[in-house]
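Sequence order for the protein chains is A and B.
Just so you know, we're using our numbering here: the first sequence kicks off at 1 and counts up by one.
Just so you know, we're using our numbering here: the second sequence kicks off at 1 and counts up by one.
Hints listed in this document are in silico derivations from the structure and should not be mistaken for laboratory results.
Just to be clear, a hint being listed does not mean it is correct.
Among the chain A residues that face chain B by a calculated CB cut under 10 Å, a handful are [said to hold, decoys possible]: (1) A21; (2) R22; (3) G24; (4) L27; (5) V67; (6) W69; (7) N70; (8) A79; (9) I82; (10) K83; (11) D98; (12) R100; (13) N107; (14) V110; (15) L119; (16) K187.
Note that the structure is a prediction, hence the values are computed from the model and not measured.
Every residue, glycine too, gets a C-beta built ideally from N, C-alpha and C.
One-letter residues, chain by chain:
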Amino acid sequence: MQSEKYRVVAGPEAYFTPGAARMGIVLPEPGEGHIEGQIVPEEEALEYAARKLIEAKNPTIHPGPLVLWNWNEKAAKKAKAIKVLADVIPARIIPMADYRPKYPKINPEVEINPNHPNLTIWHNKEDVCVFVGVHCHMANLSLKIIRGGTSCFTIALCAQAGHEDANLSLRDVSPEKILRLAEWVNKLKSIPYVRPAGRTSNDGAERKSDKVFAK
Amino acid sequence: MSKEKIQICPEFSDIMPPEYRDLVEQSTYGNEDRGWKDIGNSKELIEAHSLCAGCPESMAFRYILASLPNPEDTVMVGSTGCTSLVFPMVAVHNIHSLFGNQNAVASGLKRALTVRFPDRIKDVVVLAGDGATVDIGLDMTLQAWFRQEKFTTICFDNELYANTGGQESGLMRKGFVAKMAPTGKKFDKVRLPEIARESGCCYVVNLTVSKPSLVEKVIKNAVLLAREVGPTYIQLYTPCILEIGKNSMEGLQEMRDSEKPGERFNYKEYITDEAKQYLADLDARKKAAAIPAAQLTE
Ligand SMILES: Cc1ncc(C[n+]2csc(CCOP(=O)(O)OP(=O)(O)O)c2C)c(N)n1
Ligand code: SF4
Ligand SMILES: [Mg+2]
Numbered sequence: 001m002q003s004e005k006y007r008v009v010a011g012p013e014a015y016f017t018p019g020a021a022r023m024g025i026v027l028p029e030p031g032e033g034h035i036e037g038q039i040v041p042e043e044e045a046l047e048y049a050a051r052k053l054i055e056a057k058n059p060t061i062h063p064g065p066l067v068l069w070n071w072n073e074k075a076a077k078k079a080k081a082i083k084v085l086a087d088v089i090p091a092r093i094i095p096m097a098d099y100r101p102k103y104p105k106i107n108p109e110v111e112i113n114p115n116h117p118n119l120t121i122w123h124n125k126e127d128v129c130v131f132v133g134v135h136c137h138m139a140n141l142s143l144k145i146i147r148g149g150t151s152c153f154t155i156a157l158c159a160q161a162g163h164e165d166a167n168l169s170l171r172d173v174s175p176e177k178i179l180r181l182a183e184w185v186n187k188l189k190s191i192p193y194v195r196p197a198g199r200t201s202n203d204g205a206e207r208k209s210d211k212v213f214a215k
Numbered sequence: 001m002s003k004e005k006i007q008i009c010p011e012f013s014d015i016m017p018p019e020y021r022d023l024v025e026q027s028t029y030g031n032e033d034r035g036w037k038d039i040g041n042s043k044e045l046i047e048a049h050s051l052c053a054g055c056p057e058s059m060a061f062r063y064i065l066a067s068l069p070n071p072e073d074t075v076m077v078g079s080t081g082c083t084s085l086v087f088p089m090v091a092v093h094n095i096h097s098l099f100g101n102q103n104a105v106a107s108g109l110k111r112a113l114t115v116r117f118p119d120r121i122k123d124v125v126v127l128a129g130d131g132a133t134v135d136i137g138l139d140m141t142l143q144a145w146f147r148q149e150k151f152t153t154i155c156f157d158n159e160l161y162a163n164t165g166g167q168e169s170g171l172m173r174k175g176f177v178a179k180m181a182p183t184g185k186k187f188d189k190v191r192l193p194e195i196a197r198e199s200g201c202c203y204v205v206n207l208t209v210s211k212p213s214l215v216e217k218v219i220k221n222a223v224l225l226a227r228e229v230g231p232t233y234i235q236l237y238t239p240c241i242l243e244i245g246k247n248s249m250e251g252l253q254e255m256r257d258s259e260k261p262g263e264r265f266n267y268k269e270y271i272t273d274e275a276k277q278y279l280a281d282l283d284a285r286k287k288a289a290a291i292p293a294a295q296l297t298e
């Protein structure tokens, strides 16, 4: 069946990008993540995300309203953790300050908008990006548009159940988990990559993104 | 509302787009005495607009947003039309409803907010065009008033369907010929202010937006009365300069001309006794609060 083979790889996929859920991709259970639609233990997803971020030419973090605004203690802690992550990669931070379809246009230098996120990705030549603190429905919309029209690899650090439409997703992401990702980045920066045994897609094929690291 | 809530996390203050930083640092959220005179001295709650140059709807938006007594705890409900293209630039929570449904959406919203935040004042303000309010949405408009739903309905009356190129609307005046209504309107302008009064609105005003201080007073009254007394309705003439063949500089004069005695936008106000009493009590309390305690005990 086609849905068994579907992998949530970086695009550009198509004008009418299929929703990953429709193609049979399921969300990870607590303690897990997914890489290109394949469910993996959380630690493996963290490690893979860290590698992608290190290897990227223009890694960019897109914090959304849930972490940009100091509306509760957790948000404040997450903001601190995200800053640590950005510094350790190092990555650029471009906010998704809100979700309104701004007219006549956004300034892609300084912000990303969920209704046309491709503009910011293209403009800044982002090859790996991280969504964090974006409300799920807006993240889903953007991730699909990004997969449809760009070649950027998307990582969702979701505080809820994760995102099938990201190329890599973690779930239940807390400030501590973000710091763990930062630790992975730190740790891996000096270690060359070796693909762990058995880390292939459902159909046994090598992941497109694995090639990036298999040096 | 405490301003604490709208601070940006310090880690991101340098990368937030400047208009958001300005909203935090220079806007008038939380200031009970905010009004149109803040325009120019503070950050407005409208960033830009996508209306035609000189469209009086833009003036109306600016005055209304400057006058809302409680913008941080207000949700506006809009509908399709020229106004809907402005809402993405407005820094007040807002919902875009399906054309004509705005008063039904606002009814549910107001009730839900009342249940969810029993200890907090939450204002709901509908802002829609005349087509949405009087034609396609008339059922929803009237039913909300019949049910005494406590929110304010503002109608931007430009006397036609502007956004779709100039079709006839119920609020168009008799005999008017528009681009998409070439045979001329056959019946009179619907008397919605009178209908609003008869339908249970406690405060109804028909005016233009030529005088900002008047718009401020009316909007404040309407929102404050809708909190406690009942539904309120404000009909504002915001002429579509494009459709009536005026240029950008002529909108203000058009409004002044149409508010002269005997004209259709001559200031008209209906207020119930209960609403009048409520405003008088509020005024008295405000004055008492302004008197230093020492003077009160003398
Ligand atoms: C349910 C529905 N019916 C019709 C339309 C088409 N439509 C879009 S704007 C508009 C007229 C808007 O007129 P008005 O409410 O007076 O607002 P204005 O543009 O004049 O400010 C219409 C009929 C629509 N968007 N949705
Ligand atoms: S079409 Fe008319 S009402 Fe709409 S923005 Fe232009 S002038 Fe204003
Ligand atoms: Mg109209």
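Hint check results:
The closest approach between the C-beta of A21(A) and any C-beta of chain B is roughly 26 Å, which is over the 10 Å cut-off, so the hint fails. Contact between R22(A) and chain B, as hinted, is not supported at the beta carbon level, the nearest pair being about 26 Å apart and thus beyond 10 Å. The beta carbon of G24(A) comes no nearer than 33 Å to any beta carbon in chain B, farther than 10 Å, and the hint placing it at the interface is violated. Given hint, L27(A) at the interface with chain B, is violated; its Cβ is 28 Å from that chain's nearest Cβ, farther than 10 Å.
For V67(A), the suggested interface contact is upheld, since its CB lies about 7 Å from the closest CB of chain B, less than 10 Å. Interface restraint check for W69(A): the shortest CB-CB distance to chain B comes to about 6 Å, inside 10 Å, so the restraint holds. At its closest, the beta carbon of N70(A) sits 5 Å from a beta carbon of chain B; the interface hint therefore holds under the 10 Å criterion. Using the Cβ-Cβ criterion of 10 Å, the hint placing A79(A) at the interface with chain B is satisfied: the shortest such distance is roughly 4 Å.
Taken as an interface hint, I82(A) checks out: its beta carbon lies about 7 Å from the nearest beta carbon of chain B, inside 10 Å. At about 4 Å, the closest approach between the beta carbon of K83(A) and any beta carbon in chain B falls short of 10 Å, and the interface hint on this residue holds. Taken as an interface hint, D98(A) checks out: its beta carbon lies about 8 Å from the nearest beta carbon of chain B, inside 10 Å. For R100(A), the interface hint holds, since its Cβ comes within 10 Å of a Cβ in chain B; the closest pair sits about 4 Å apart.
Interface restraint check for N107(A): the shortest CB-CB distance to chain B comes to about 7 Å, inside 10 Å, so the restraint holds. At its closest, the beta carbon of V110(A) sits 5 Å from a beta carbon of chain B; the interface hint therefore holds under the 10 Å criterion. With 10 Å as the threshold, the beta carbon of L119(A) stays out of range of chain B, its nearest partner Cβ sitting at about 14 Å, so the hint is violated. Taking 10 Å as the C-beta cut-off, the interface hint given for K187(A) is violated, the closest approach to chain B being about 23 Å.
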